[in-house]
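Q: Sequence order for the protein chains is A and B.
Residue numbering for the first sequence follows our numbering, beginning at 1 and increasing consecutively.
Residue numbering for the second sequence follows our numbering, beginning at 1001 and increasing consecutively.
There could be a bad hint or two in this list.
[Stated by the list, open to error] With a cut-off of at most 27 Å between alpha-carbon atoms, the simulated DSS-like pairs for lysine-lysine come out as follows:
#1 A:Lys15 / B:Lys1084
#2 A:Lys18 / A:Lys71
#3 A:Lys71 / A:Lys15
#4 A:Lys230 / A:Lys186
#5 A:Lys186 / A:Lys15
#6 A:Lys186 / B:Lys1084
[As the list claims (entries may be wrong)] Label pairs and their computed distance ranges (CB to CB):
#7 B:Arg1074 / A:Asp82: 30 to 38 Å
#8 B:Glu1072 / A:Asn169: 53 to 61 Å
#9 A:Arg228 / B:Glu1072: 55 to 63 Å
Since the hints were made in silico from the structure, they are not lab data.
Don't be surprised by glycine CBs; every beta carbon is placed ideally from N, CA and C.
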Amino acid sequence: MQTRTPAISVIIPMKDSKSFILAALKSVLIQEITPHEILVIDDGSSDGSRQLVVDFNGGNRRLILLDGPGKGPAAARNVGLDRASGDIIAFLDSDDMWPRDKLAVQLARIARGPAVDMVSGFTQYFTDRLDMGLTPDPESVTDEMFHVHLGACIFRRSVFERLGNFDENFTYAEDVDLMLRLRDSKLPMTILDHVTLYYRRHDQSMTARYTATEKRDFHRALMRSMSRRKVDGRLIPLAPFSSLIERMPEP
Amino acid sequence: MAVRFVIDQMNVSSEEFDSETVCVNFATGNYFGLRGAAASILDAFASPRTEDEAVELVVRHFQIDAAQVDTEIRQFIARLIGEKLLIEDQDQSDATHEATGLARQVSYEAPQIEIYSDLNELIMLDPVHEIDREHGWPLRRGDRNG
């Protein structure tokens, strides 16, 4: 009996991403497993990136362009979540890319069991390049590790039905907030020993420090997690992320 | 000359919520829940101060009997230093530093600090945005156990 591949919705929030959005879209379209739909949410671009997507699409029914409310990535992703019809939800930032086997590898893990609601993986960081290659130049790769990046994960839709969408009160750290909500809820998740995201590092961020707003939002995410985990005044600690890493099966 | 200490502003941030103050040390990856006079004592080191100066500031702010709380406050300051929330001020000159307003609490309660390390990996990886090379790279593919 053939197992049906679950429908996958890919959500890509975008604002002024003309330099990178096509590479991001191409990396999704060449996936070994085809997504059911690609939802690009334009959150008020003024650099021509919207038109780039329209021209690139060329009638591809899987690619759907939506309008964001102009309130930042959390609200833009929520527009995608509200529209998504897939059983599996994946996110990609408009300046990042996926390895070609990302969806195949992570869906295989979901099918393989033990049951999980979210599958993450490792992120390969590369320094900024303006070429249209879909794999980072090996000389541009700076590191490879697990980090809290939505683009490295896939989620069962039920995660958002249980936990809610992204909190739009966060300007930053909305992904940290979601990850902590997920971990605090004890929904099963795993981290594959495999690269599932190519993350583009931009020069201006290499030496950036926290702004007051960034600190505030991270504190809020942390405080909420602490509040959820307090039992009789005692904080129940989380297991380290490293305990969730699982090796890939032998080929 | 007594050493002056100051909050490690580069790596430490804190924010007050309803019943406690959350403090994060991005260099060590630890985060803290501060209750009672804990946040006020930490606040005393917003400008460089010696231990004596900080104790005097806290006692004056809460209008309390110094003899009753002196040891308690000094022991707590030692914990803050041990957790690297306070560092030695690089400028140990005898300059007068601005008085700090300790506006957090009205009445003195014994300082309490809870220390959590379960999110070390997340915090030290600079979770908000880009990674800073100076902080190290835990959970790199080449360094994983097992």
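Q: If a hint holds in the structure, say so; if it does not, say that too.
A: Okay, the hints, checked on the actual structure:
For the suggested pair lysine 15 of chain A and lysine 1084 of chain B, the alpha carbons sit about 39 Å apart, so the restraint of at most 27 Å is broken. Simply put, lysine 18 of chain A and lysine 71 of chain A have alpha-carbon atoms about 19 Å apart, close enough for the 27 Å limit, and the pair holds. Proximity of lysine 71 of chain A to lysine 15 of chain A is assessed by CA-CA distance (about 11 Å); at most 27 Å being required, the pair is judged to hold. In summary, the hint linking lysine 230 of chain A to lysine 186 of chain A is supported, as the alpha carbons are separated by about 14 Å, within the 27 Å threshold.
Distance hint between lysine 186 of chain A and lysine 15 of chain A is unfulfilled; the C-alpha atoms sit about 33 Å from each other, more than 27 Å. With a C-alpha separation of about 32 Å, the suggested pair lysine 186 of chain A and lysine 1084 of chain B falls outside the 27 Å cut-off, and the hint is violated. Between arginine 1074 of chain B and aspartate 82 of chain A, the C-beta spacing of about 56 Å breaks the proposed range 30 to 38 Å. For glutamate 1072 of chain B paired with asparagine 169 of chain A, a C-beta distance near 38 Å fails the hint of 53 to 61 Å.
Remark: the range hint 55 to 63 Å for arginine 228 of chain A to glutamate 1072 of chain B is contradicted by a beta-carbon distance near 31 Å.
In this structure, the earlier hints numbered 1, 5, 6, 7, 8 and 9 are contradicted, and the remaining ones agree with it.
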